[in-house]
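Those protein sequence lines, which keep their order, are chains A and B. 1 is the number of the first residue of the first sequence in the numbering used here; add one for each residue after it. 552 is the number of the first residue of the second sequence in the numbering used here; add one for each residue after it.
The set of hints was computed from the structure by calculation and includes no laboratory data. Note that the Cβ used here is the ideal one computed from N, Cα and C, for glycine as well. Treat each hint with caution, since some may be false.
In the SDA-like style, the derived pairs of lysine to any residue whose C-alpha atoms are separated by at most 25 Å in a straight line are [claimed, not checked]: (1) A:K214 with A:R186; (2) A:K160 with B:K579; (3) B:K1035 with A:P87; (4) B:K919 with A:G213; (5) B:K579 with B:E562; (6) A:K158 with B:S678; (7) A:K115 with B:R627; (8) B:K926 with A:E99; (9) B:K782 with B:K579; (10) A:K72 with B:K579; (11) A:K25 with B:P927.
Here are some chain B residues the structure puts well away from chain A; computed CB gaps all over 10 Å [said to hold, decoys possible]: (12) S560; (13) D599; (14) P674; (15) S731; (16) K743; (17) H832; (18) A932; (19) N1138; (20) A1167.
Computed, partial: chain B to chain A, Cβ under 7 Å [claimed, not checked]: (21) E618; (22) H871; (23) V933; (24) E1107.
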Amino acid sequence: MGDQVLAPPQLLNVQINGVWHQFPKGTRVIEACEQAGSYVPRYCYHKKLSSPGNCRMCLIEMGMPKMGPDRKPEVGADGMPLINWMPRPQISCAQDVSEGMGVRTDSPLAQECRKGVMEFLLINHPLDCPICDQAGECRLQEFSVEYGNAASRFLENKVKKPKNIELGPRVTLDDERCILCSRCIRFCQEVAHDDVLGFVDRGSHSVLTAHPGKRLENNYSLNTVDICPVGALTSSDFRFQMRVWFLKETKSFCTSCATGCNTIIGTREDVIYRQTPRENDAVNSSWMCDYGRLNFGYLQSDTRLLQPEILAGDKLIPAEWNVAITHAVAQLKHFSAWEIAIIASGRMTNEELWLTSQLAKILGVDLIDIVPRTGPGDDILLSADRNPNTNGARLLGVTSVPGAKLREIKDDVVGGRVKALIALGENPIEIGLTVEQLKALPAFVVMNILSNDATEAATALLPSFGFAEKRGSMINGKGRLQRLNRAVRGPGQARDDWEILRDLIQAYSGRNGIYSIEDVFRQMSEAVPALAGLSLSKIGDLGVQVMESAK
Amino acid sequence: MDPTNTRISAELERKMDEAIRRYPPDRKRSAAMPLLYLWQEKFGFISDEGVRWIAAKLELQPINILELVTFYPMFRQAPAGKKHIRVCRTLSCAMAGSYRVMENACTAAGIVRHRDENGMRNPISVSADGKCSIEFVECLASCGTAPVCMVEDELIENVQPSAAAALLNPDPSIQNPQLSSPHPLEHRLIFKNIGRSDWTTDIDCYLRDGGYEQLKAAIKMSRAEIVNEVKTSGLRGRGGAGFPCGVKWSFIKADEKKPVYLICNADESEPGTFKDRYIIHEDPHQLLEGILISCFALNVKTAYIYIRGEFPEGAKILEHAIEEARAHNFLGQNMLGTGFDVEVYIHRGAGAYICGEETGLIESLEGKRAYPRIKPPYFPAVLGLYMCPTIVNNVETLCHVKHIIAMGGGPYARLGRPNNTGTRIVCVSGDVQRPGYFEIEVGAVTMGQLIYDMAGGPRSGRTVKAVIPGGSSAKVLRADERFKLKMKQPDGSIAEQEVSLFEIPMDFDSLAAAGSMAGSGGVIVLDDSRDMVWTLNNINEFYAHESCGQCTPCREGSLWMKKITDRMLLGGGVVQDPETLKTVADNIAGRTICAFGEACAWPTQSFVEKFKDEFASRSQKPVPPAMPPEYTPGELIDHERIATTALPRNPGWEETATAGTI
Ligand SMILES: Cc1cc2nc3c(=O)[nH]c(=O)nc-3n(C[C@H](O)[C@H](O)[C@H](O)COP(=O)(O)O)c2cc1C
Ligand code: SF4
Ligand code: SF4
Ligand code: SF4
Ligand code: FES
Ligand code: FES
């Protein structure tokens, strides 16, 4: 076992379009070609799924080393094996490279094959690109420009198939656009473990469908939309909302559970239109769950807090930020350390949690915890821990056993021992406090993004940003440090959480030295060994492992 | 209470459980087709309830069953009439008048046939009184007695269009045609017993004739010896590809750890081929003996006979033969005291031609749509049935194994010609006076002898125009073509010689050298009355109907070619059509998952190439301007505005866990 791990991968010599390259054993021919700079178009192949070889788009010419009479490869003038080319084109998506293999991706035969397949795919395809959601990211459109025939010589009636089928609550199907590549079927079988899609009828009349009694409604259904190479499967949520080429793309990750699936957030003019998964084999492969994917609407909700407010008399009134901060700090100053409690959140970034822990330190507060958030998990991606940064909260000392202190906080608020409560990104009603009990608090400082019954009870209300509106880092359930990037600007007067926390600290202690989020990270990395030497930019798009992945 | 449970009788469920036991315990899915048959027998068709019930029974999803019901034409989703008639519409029957049979039968039964332009399924048309229903089906493997029909499970041969009404009340006293006795040019091994007046299908008759002696001899040999004899015999597969059987067998490792399976391919569905039918129906034990010898040689403990759905009688005969053989301990536990356990099971197809392709067959046997697999990596001998090493052989091939053991590989190899050894059954249908099957020594008979001497030549006043020599997928050969073949000269030397169609010896290599193939041995003769565009259109319809639809070129190309020849027949042929036909076919052949690609492309390639004039005369219209787009943009947008249910932001799958959603 041990030496197997240590042994360098065996490298194989493969000739691609006349040039010899080396690839590790086990490399698919189609991947090898891509790595060598000769992209082979494909429809059915997806590297995370099995290869049925049905679209025939990836046909190439292939050859094997020519064997001499001594059954050894014959060698040419360049010292490399001579190649015996196979008369028939071969698909490149289902075979691994082998020693001395030759591949031609652009030979006249290979080009002719692609052209032929493109023509076949287009003859029965409706030409409705003008109203197709996939337009702009459609492989059919893309390849037909590159490999298609300009003029159609198809004079017959096209095959009519069902259109506008609700395959499930979130996915809509247009069978006329479907090129029967079976990616979606294989995804459901192999990744989602929910075998609900299939083909019915035969030949050119085959159609993709789900049985009416068992629809495509699993929590991973929208991945089929991502991998559908054409516009056959569309997201009912995203349909007809926005042309994809107008979308700005921001790399980020999902904050709806501890998995932290890597994403691309598609936005336009500060509105989020969709989230799609971004490949990261250490986290989410190429997938994400529907629940996380669609959980961004609240950022555009009517109930967003847009304006800092302070309690004046018995009413919350709008205030300038500096007034609100000063007001909050002035209130807190009335109380001794043991009279203050902090409810923080496992949804906060590391930077925010770090500043929260600093604030707690300055205030001398001991009663601090995060609110655990759980739900059913699965063994695909979704974690039972619905907080994206429980590990960060642990690492940065905001909690040791998440939720262990909440009972005490609640009892002390109810019992009147705690007189000042700071709620950061959480609603204390969820830990069992009532609005009346919160209203009775002499000081109740709330930082949050949406209004709720608890925010009504605040003495100082500090509107902050959601995950797509800010930068920062989190540590997922497997101990991987990942980076959020800002996709949209926050609404109204709302501010970035770390700035709010920094201002609170400054207003309290006058201490300074933090001008940017990078400064926060630097402070944090100097203090926390697991983060030593890192910076936000060093985290990169795919994250860095900073804790044991056992958790 | 689920209403279904009350309807499923204990008897039916017992039969289903029995069917399930024929497959490995973790491969229950394989029983999907048998269960669908049982359901359809009981309830007449497969309702949605049936789909769900069977899915639940096999621990599958309903879609897995729906996929099958819609793939295999013999499963129906709506009731048929009390008496269901299937009329063969494929080439030999169509030439013999089966379209008129259909028309006349419909008139007699008062059926208005509706055509389903869109669906690939030939829809079943039911008479108003529900007494009778009728459908077109593809080749029933009885082309020698064309036109043929099936009334319920019974084959009716030589149905004259004028007598089509009789299909509604077939006269049981009308005997199917006598089985022919051998022609002097024949050399019968496999068909030795066919047509014998004293011959019956029961095991006693077989044993009286020396049956199972070869099995007894084989079990005294070592496995390697048997494989060697088969190798020495030079036996080439009779299913179509002509692959050397011994070579195929030697792919199975002697020390193989996984179970090895043997599948007898009894799907016989290449149009023009009707030999396995007679082996199965007339001499089932010969096949069984061949299978059992092969099982022993390959250490196969479970063999399946995949028999086409249109042979219901054949399936029964084989089931019975298996029981008889079991009673004699020719199979079962500790076969003949050898310590070797072997079981043979019947698995019925359901009307899909592609199940003849060996990997499609394997998928079908696994309870899936018969989608052929890519090779590499799924060579059956390595990753076959249940991803175990599997040998698939044709019915006739397996019968030859018995004779190889009887004769010895060396003597067997002296039959026929080098590389084309043994005997083989050729089936002649179409425009000849005495269509039928003839077992010949491979290469010992020429095409001319076969067509003129054995099959009686064309009808009087007619001449042979063309021959399709190896099943409808083989490239057509013109009667006036000249071929350059390497032929053995009287002095023993080999020299290239120019020959006519009728001088071509009926063997694998000669027909390949002539640019076609021996294929499945189905010779279809076309006389000078035949319109080649019509002929090709009939063939194209077969392939468009039978394409499994998995891979792009074949799925789209086969239907496209059919649509072009359709249009040409209707008078709409444009100048470009022959060229388009040719290039479409060129874009299919060699680029598909399975050899169906060639099978559907070769007819078009060869007909268009060899009958240029006929095709040109049917394609005289100028090429029309480009078609308007399918929909105008306006229509498209209206079409797309069909309301879809608005969705809440809440994904809705996890109602309880609100804590997770802000
Ligand atoms: C489209 C297609 C249809 C076929 N149909 C049959 C068939 O009906 N019966 C058969 O024995 N072989 C059929 N074959 C050939 C089988 O794939 C396979 O080669 C054969 O069963 C092997 O047996 P053999 O070596 O004994 O000939 C078909 C092949 C193709 C490509
Ligand atoms: S819907 Fe899309 S992914 Fe699914 S088979 Fe059709 S083209 Fe492929
Ligand atoms: S699994 Fe978790 S992180 Fe991934 S998309 Fe779903 S909720 Fe988001
Ligand atoms: S060639 Fe035709 S029959 Fe064979 S896999 Fe492809 S579509 Fe199916
Ligand atoms: S990508 Fe290779 S066949 Fe589809
Ligand atoms: S039985 Fe009708 S064509 Fe073969």
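Here's how the hints hold up against the structure:
1. A:K214 with A:R186: With a Cα-Cα distance of about 16 Å, the restraint between K214 (chain A) and R186 (chain A) holds, given a limit of 25 Å.
2. A:K160 with B:K579: Violated: K160 (chain A) and K579 (chain B) sit about 36 Å apart, past 25 Å.
3. B:K1035 with A:P87: Answer holds: K1035 (chain B) to P87 (chain A) is near 23 Å, not above 25 Å.
4. B:K919 with A:G213: Roughly 20 Å separates the two Cα atoms, so the pair holds.
5. B:K579 with B:E562: holds, 19 Å
6. A:K158 with B:S678: Roughly 31 Å between the alpha carbons, so the hint for K158 (chain A) and S678 (chain B) is violated.
7. A:K115 with B:R627: violated, 38 Å
8. B:K926 with A:E99: holds, 19 Å
9. B:K782 with B:K579: Not satisfied, since the Cα-Cα distance of roughly 36 Å exceeds 25 Å.
10. A:K72 with B:K579: With a Cα-Cα distance of about 47 Å, the restraint between K72 (chain A) and K579 (chain B) is violated, given a limit of 25 Å.
11. A:K25 with B:P927: holds, 17 Å
12. S560: Per Cβ check, S560 (chain B) is outside 10 Å of chain A; nearest 24 Å; holds.
13. D599: violated, 8 Å
14. P674: holds, 12 Å
15. S731: Consistent with the label, S731 (chain B) stays out of reach of chain A, its closest Cβ about 36 Å off (over 10 Å).
16. K743: holds, 40 Å
17. H832: Holds: least Cβ distance 28 Å, greater than 10 Å.
18. A932: holds, 18 Å
19. N1138: violated, 3 Å
20. A1167: holds, 17 Å
21. E618: E618 (chain B) check passes; min Cβ-Cβ to chain A is 4 Å, inside 7 Å.
22. H871: Violated, because the Cβ-Cβ distance from H871 (chain B) to chain A comes to roughly 33 Å (cut-off 7 Å).
23. V933: violated, 14 Å
24. E1107: Where the cut-off is 7 Å and the nearest Cβ of chain A is about 4 Å from E1107 (chain B), the hint holds.
In summary, the structure is inconsistent with hints 2, 6, 7, 9, 10, 13, 19, 22 and 23 from the numbered list given earlier, while agreeing with the others.
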